[in-house]
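S.K.: Here's the letter readout for the chains.
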Amino acid sequence: MTPYLFLAPGLLLFAAFRLYPLLEGLRLSLTNARLGRASYQYVGLANYARLADDTRFHVSLGNTAFYTVASTLPVLAVPLLLALALNRGRLRNVLRSLFFFPFTLSVVTVGLAWLWLLDPVVGPFNYYLRTLGVPARSWLADPQTAMWAIIATTVWWVTGYYLVVYLAGLQDIPRDLYEAAALDGAGGWRSFWTITVPLLRPVLLFVVVTHVIGSFQLFGQVFVLTGGGPGDATRTVVQHLYETAFQNFFQFGAASAMAWVLFAIVLVFSVLQFRLLRGHTEF
Amino acid sequence: MATGPRRRRDAEGLALTLALLALAVLWLLPIVWVVVTSLKPTENIVRLPPEWIPWPATTEHYREVLFSSSRTARIGRAFLNSLVIALGTVALVVLTAAMAAYPLARMRFRGRHLVFAVLVGSLMIPNAVVLVPLYVLIQRLGWLSTYQGLIVPEAATTFAFGVFLLRQFFLTMPGELEDAARIDGANAWQVFTRIVLPLSQPVLAALAIFAFRSAWNDFLWPLIAVNRPEMFPLPVALALLRGAYAAESYGPIMAGAALSAVPLLVVFVVANRRIVEGVRLSGLKG
Amino acid sequence: MTRAHSAVSRRRFLGGVTATAAAAAWPRGAVAQPKTTLTYWNGLTGADGKVMDELIDRFTRDTGIQIEQQRIPWAELYAKLQVAVPAGEGPDLALIHTVEVPHFASDGVLEAIDDATLAGKGFRGDDYLPATWQGGVFQGKRYSLPLDVPQHILYLNVKVMKEAALAGPDGKPRVPGSRDELVTMAKKMARGDTFGFAIGTSNPGRYTWGFHNLLWQNGANIYAADLKHAALAEPAAVEVAEFWGGLGNALKIAPPANANCRDAFIAGKLGMWIAGSWNFTGLREAKVDFSVAPLPRLFKQPVVWAMPHQYSFPKPKTADRTRREAAWTHVRWMTDHVAEWTLKAGQVSASRKAHGDPRVTGDPVLKTLLAQGANWQVGQPTPKWVAAENLTRPVIESVYTGQKPAKAAMEDLARQINALPE
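Residue numbers (the numbering used here), protein chains in the order written: chain P, -10 to 272; chain A, 191 to 476; chain H, 6 to 427.
This is chain P alone, in the form it adopts within the complex (with noise of 0.2 Å):
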């Protein structure tokens, strides 16, 4: 009996809170339920049908996807070249804080710093552009540059994270394989793709995963720098999603098929990326 009394406080807030919501979501999917309306249908699958012919949906997938797929490299490299040189150099610890603190800040408080320092007129980035003779863009408002211009923002927002987890995972392993492999005469670059790399390999993973998860919910950069523009350009899923839920007609049976497309993506990606976890763990 114990062992259940322990559990079952959290496992009620787990279950109302987390469980049913996603079931229910699936449930109201099928229906044509609106805020305010006292009354709904089972329309089968026609929301997502009508996703099928969304053309604004089909966008922010595209536009998500490209965000995952061209922010994943930076995510991943940034830190690590950082963390390869912090763990050479000295005042490591003062260094991963400088770092680390941009990730203290809320997504919004990232958002409206970003928006002033790249606002295409009096902004001061522009202005040094200038100076040093690059001709200055609208970064925010070009459809060129605006997925890279969040992109941007996010590395800089989350590098401070897997600074600390590479740190982490570099100091895990043992310093004798590195002298090892100097007698042996291989350099700084050999080792680091014979040694570091492997034996890094389960937090690579781990940035990894937890990257492309954040990924699909990209809203807040998005939100806040550029409402989904210019035109539809950065617009998201999630975006999508809210806006369709809680701006336009508060369609709530819309919305639920487009987060069940959304969670079927994620699984598919996690299933796979999990396969891939354990696969190269077990070495």
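One should not assume that every hint holds.
Each computed SDA-like pair below joins lysine to any residue, with the alpha-carbon atoms no more than 25 Å apart [as the list claims (entries may be wrong)]:
1. K257/H to S296/H
2. K320/H to G25/P
3. K257/H to K40/H
4. K257/H to T120/P
5. K164/H to P240/A
6. K292/H to L211/A
7. K233/H to R23/P
Keep in mind that the hints were calculated from the coordinates and are not lab data.
Since the structure of chain P is provided, determine the placement of chains A and H on it from the hints.
M.R.: Coordinates of chains A and H only, in the frame set by chain P:
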């Protein structure tokens, strides 16, 4: 013989450190810019070339966002809301997760593998997926625009991670003390509160910080679950300072942004090691 | 007064800090409040908001009725109102735009106002400009009372125009008389990081109010006369979209789609600016050297976009007579003091009373705004107006940035609007 290369390596290390320090300063410039802007009088904010020394300095924007009774989004009130929500979430998560993780790590009972698997699996559920049904649920409970309407779902989101983190820690704890207490006649609850919890302070602190951060910074859920503006937490109040048809000056916005960073900065300075430990624990075993 | 007030709220704030644990019960009663406290939502996020604050302070001193104002940007305000009112969390009073009245009324968000109440409170249609008075009515029932008429006006930056030799010998900037002239003048000013012309405050690319204004000038509109089908694929609308798309691209006179035009104007980086009347008091405060002119005729008619603010009473969960009476008291008080509002917030009043006030007629900007009255036009009275506007924003932005050609974009937008659910 050996001093030559070592000296060279020292010099290299020093150069690397200096370069990294310079990079760190550059890295933090956006934050400096926020603070600098927040200290300038309104008429000095929009200036080209950009001015990095806020002189003459003023605290008018801070006073305005914190104390002005009739102002736009009442950052002062939002600050309090965020504090209540974050502390409430921390309390709820730490309590429920510790209670749930303990039997999962230290007791044998039917279904424990299933429970743990479901919890770990749920870490993959994007929050956005449950947004709409959660809204319907909270509305039916009458919890829209209330603290519980923000705290409870927030805690439920972090719960699974908390169990995961704490279970890992409990698994590594030596069992002797618990056994000794049990021999002295302590029941399971007493063992848990008097032995296990005190021994777990570092990991509990790590979880508390994690939960605080995610509750303090959450944006999407409060954006929809709060209809009464006086109940907005900080991120929502800040985001809505910026209207589409009338441009608010950057001064108050940046003051609000700077203020919103303070609590976590304090936590961060005080508990730096705990945070690193927490990230380590959560990250490496993921 | 401002100072005394902030002291009160500081005490409230500190009281709150010490009582964080118990903050669920926010100390509403920290200050003795013998009288009613009203909740009042509005989206006056510009300089006009500060003026509203001052007037409400005076109102409280006059009547003892406290007002808890909540101010969030209009788009969010409307989304929240829609959700909050059915949940019983709506305010006692809300300031909304005329185009919102139809959908809020048809969704049952607003309480209808009967003629007897209206007459009893001394509100008479004859005192108001007809278009503003009529804007409060939907399907024969009244849901709101007009306060003022926010509208567009042309701002001219004296410094920028002088530098481009676009000022007369008296130092007064030249006023463009036609679209061609406006474009020629703007081109003379646009170089480097300085822009000649813009419509809109922040994010000009998706400034629907400006786009509507141009549509109306060209005799076009969002919906056809039947208010059922989108009319945006018509040649007149496409012509406007083409001009819109040319502003930053082909003509190279306007700032980027996400520029903060107000800041650019203040910083002396923008010459001619079509923007809301609510900006001008803020420009004066920032000590910008500017003048104003009536909105130029850029297409067929010199139509001026106008959007009266309306006082409305969201439906409460349970009727509370005292609060409703207090809300009426406030509406009455503001209507009686509307000259002050006009002078400080730069919003011409909907009621005619203040129009003859010498302080109003003596102000060059207000005089210009009043003189535009004959050219005012408002949005179409359909419950779908706002939803259509939400769809319009990204589409006109993609035209502005050159992502989509004007004609295809307008056809796409018309399709989207026609597909809106009933």
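S.K.: Work down the list of hints and note, for each, if the structure agrees.
M.R.: Each hint tested on the structure:
{"no.": "1", "hint": "K257/H to S296/H", "in the structure": "24 Å, holds"}
{"no.": "2", "hint": "K320/H to G25/P", "in the structure": "14 Å, holds"}
{"no.": "3", "hint": "K257/H to K40/H", "in the structure": "57 Å, violated"}
{"no.": "4", "hint": "K257/H to T120/P", "in the structure": "21 Å, holds"}
{"no.": "5", "hint": "K164/H to P240/A", "in the structure": "20 Å, holds"}
{"no.": "6", "hint": "K292/H to L211/A", "in the structure": "42 Å, violated"}
{"no.": "7", "hint": "K233/H to R23/P", "in the structure": "22 Å, holds"}
Going down the numbered hints, you'll see the structure goes against 3, 6, while the others check out.
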